[in-house]
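Peer 1: What follows is each chain in one-letter form.
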Amino acid sequence: MSLVTVRDASFSYGTRQIFHQISFSVEKGEIFCLIGPNGCGKTTLLDCVLGFHHFHSGVFQLMGKDAAGFRSGRVARLIAYVPQIHERTFPYLVREVVTMGRSAHLVFFESPSRKDRTMAEEALERIGIRHLSDRPYTQLSGGELQLVMIARALVQETPIIIMDEPTAHLDFRYELVIMEVITELVKERQLSVIMATHFPNHAFYFQSKQIQTSIALFSNGRFLAVGDPESIMDENRLRKLYGIQADVISLTDRNGKTMKHIIPVSTIKEMEV
Amino acid sequence: MKRALFYASVCLAPIICIFLSLCMGRYPLHLSDVMNALGNVPIWTDRTSFGIHHTIIWEIRLPRAILGAMVGACLAASGAAFQGLFRNPLVSSGILGVSSGAGFGAALAILLFNSVAAAYPFALVFGMLAVVCSYLIGRLYRTTSAIMLVLGGVIVSSVFAALLSFVKYVADPYEQLPAIVFWLMGSLASARYADIMIAGIPMSIGVIGLLAIRWQINVLSMGDREAHALGIHTNLSKGIVIFCATIATAGAVCVSGVVGWIGLVIPHIGRMLIGNDNRKLIPVSLSLGACFLTLVDILSRMITGAEIPLGILTALVGGPFFVYLLKKTKGGDW
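If you're matching them up, the sequences are chains A and B in order.
Using our numbering, read the first sequence as starting at 301 and increasing by one per residue.
Using our numbering, read the second sequence as starting at 178 and increasing by one per residue.
So here's chain A without its partners, still in its complex pose (with noise of 0.2 Å):
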């Protein structure tokens, strides 16, 4: 049984047609990326399946069950989400911030417990930042909140997690940190990984790490081609994708592992594509 499964989904603002006959489903411990150009409709997808928006037409179920009406509380549960840009008001401490991820689990009017609060403190000890659980979280850098973000998603106690971009605007470091945090993640817990991400190489790099992959093309509404990221990702896909000109190359690390790349080389002029 897939934990994920839409098919023939669609979806518009008023008129305008956002994506359309959309299918995929997603496996136990899989991850599956998203990857298309700016404004393609990536995160309308996932807010269609985080329930925030509803798709007009086709299946969506969740763990085999059509999850069309599915309470905000009864999605919390089976999916986690860790958002592309998350707008700070509040210097809340970062231990504060993680224990909202218990909100799912929680009866309408209940505050979070001692046992939700050491939950919250073992997520930070997991991800490696139990340190900075009394910082206000205003004060953390990017690649730090987006750890306090995935810890808030691992309390939430989900099978699947969402991430939009979540490697966006993080420096190379961060970058890896946070692409060891969610391979490490998905191997112990068997968790689902639904990634948007500009970066077509993650899918290789977590394909690297004998992890279940899919990627799914995503461009002018449609999927162009959705499956194993190895034999899809080629040179002339990538230049309906972007419109670019795209080497894709196998590199052999100093570990002697050969993993693929994207090499991006130029634009293509509209009228060549």
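Derived from the structure by calculation, the hints contain no laboratory data.
Beta carbons: idealized from backbone N, C-alpha and C, even for Gly.
Keep in mind that a hint or two might mislead.
[Said to hold, decoys possible] Computed cross-link-like contacts, PhoX-like style, restricted to lysine-lysine with a CA-CA straight-line distance of at most 20 Å:
hint, chain 1, residue 1, chain 2, residue 2
1, A, 487, A, 328
2, A, 415, B, 179
3, A, 328, A, 365
4, A, 415, B, 504
5, B, 179, B, 457
6, A, 509, A, 328
[Unchecked claim] On the chain A side, residues computed to face chain B include the following (Cβ under 7 Å):
hint, residue
7, 350
8, 381
9, 383
10, 392
11, 396
12, 400
13, 411
On the provided structure of chain A, position chain B as indicated by the hints.
Peer 2: Same frame as chain A, but now just chain B:
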């Protein structure tokens, strides 16, 4: 243990302020006289048999102190809740138009029915109506951005201010106009137990609601999308917070008139002292608001022979105190 101490001090502080308020005034009383008078509850005994101390305490100072504490608590807690909900530290209960709405409602009631008694329900209804309008204006573009909400509040406030002027203009200048103006300037001077009973109902409902939902205010302050993904029913929870904060404020404005400043700045003083977690911030705001208004009311009675309106003193006393705290805590993490 730490938690017990925290809640004990939160409850104790306003009680101490109320006792201070009972002792101080044009006619100072010793604490023993106060305790003596308080010991004889007038319900069970014939009230004529007691002296002047008893009358001062039971008929004048006690209702006034209690009402002051309630009004201050409601304004501060509502301000804190609104700030969290709208993700904007500059929002207060007044900024969303509840005060001007309530002012117009009260004036309209006096104009139509010639009675101040009708002012309570009208103030309540129009105060809530004003906030609903602000919220709808803020949502026009499908995003409840902070700027749009504040803008919505400003627009709604100015519309109700204009309507209020119109009511004043057409009101009978000998009977109704003074009643309207007197009501609007408001003070705690006319406090009676009846006021506490009537306005106490919306104020208590609002405060209890805010206390119950204070954890969700934290989550709502993460923004709509994230609050939803964290499992909060955002529309329902937002509705409850707005409803509770609005009826608490409207209840307060009913009896005290428009007392500004508290709803904006007391929550910030709370943030400096104990941080931003609404689980603590809402109780602390209640407590600080109650203390602050009770103390300011003592000043308003004592400085001059004629009472100084509360709104003037809250800003005059509170402003410098705020700056002092800012310097002392260096803003904390606030």
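Peer 1: Is residue 487 of chain A close enough to residue 328 of chain A, meaning Cα to Cα at most 20 Å?
Peer 2: Roughly 11 Å between the alpha carbons, so the hint for residue 487 of chain A and residue 328 of chain A holds.
Peer 1: Please work out if residue 328 of chain A and residue 365 of chain A have their alpha carbons no farther apart than 20 Å.
Peer 2: Holds, at roughly 15 Å.
Peer 1: Measuring from the C-beta of residue 350 of chain A to each C-beta in chain B, is the shortest one below 7 Å?
Peer 2: holds, 5 Å
Peer 1: So, residue 396 of chain A near chain B? Judge it on the closest CB pair being under 7 Å.
Peer 2: holds, 5 Å
Peer 1: Close enough to count: is the Cβ of residue 381 of chain A nearer than 7 Å to one in chain B?
Peer 2: holds, 4 Å
Peer 1: Just to be careful: measuring from the Cβ of residue 383 of chain A to every Cβ in chain B, is the smallest value less than 7 Å?
Peer 2: holds, 6 Å
Peer 1: Would you mind confirming whether the straight-line C-alpha gap from residue 415 of chain A to residue 504 of chain B stays at or under 20 Å?
Peer 2: violated, 37 Å
Peer 1: Would the hint on residue 411 of chain A stand, with a C-beta cut-off of 7 Å toward chain B?
Peer 2: holds, 4 Å
Peer 1: Decide if the proposed pair is consistent with the structure: residue 509 of chain A and residue 328 of chain A, CA atoms, cutoff 20 Å inclusive.
Peer 2: At roughly 16 Å apart (the allowed maximum being 20 Å), residue 328 of chain A and residue 509 of chain A satisfy the hint.
Peer 1: Taking the least C-beta to C-beta distance, is residue 392 of chain A closer than 7 Å to chain B?
Peer 2: holds, 5 Å
Peer 1: Within 20 Å, alpha carbon to alpha carbon, are residue 179 of chain B and residue 457 of chain B?
Peer 2: holds, 13 Å
Peer 1: Given the hinted pair residue 415 of chain A and residue 179 of chain B, is their Cα-Cα distance within 20 Å?
Peer 2: holds, 18 Å
Hint 4 alone, counting from the list given before, is not met by this structure.
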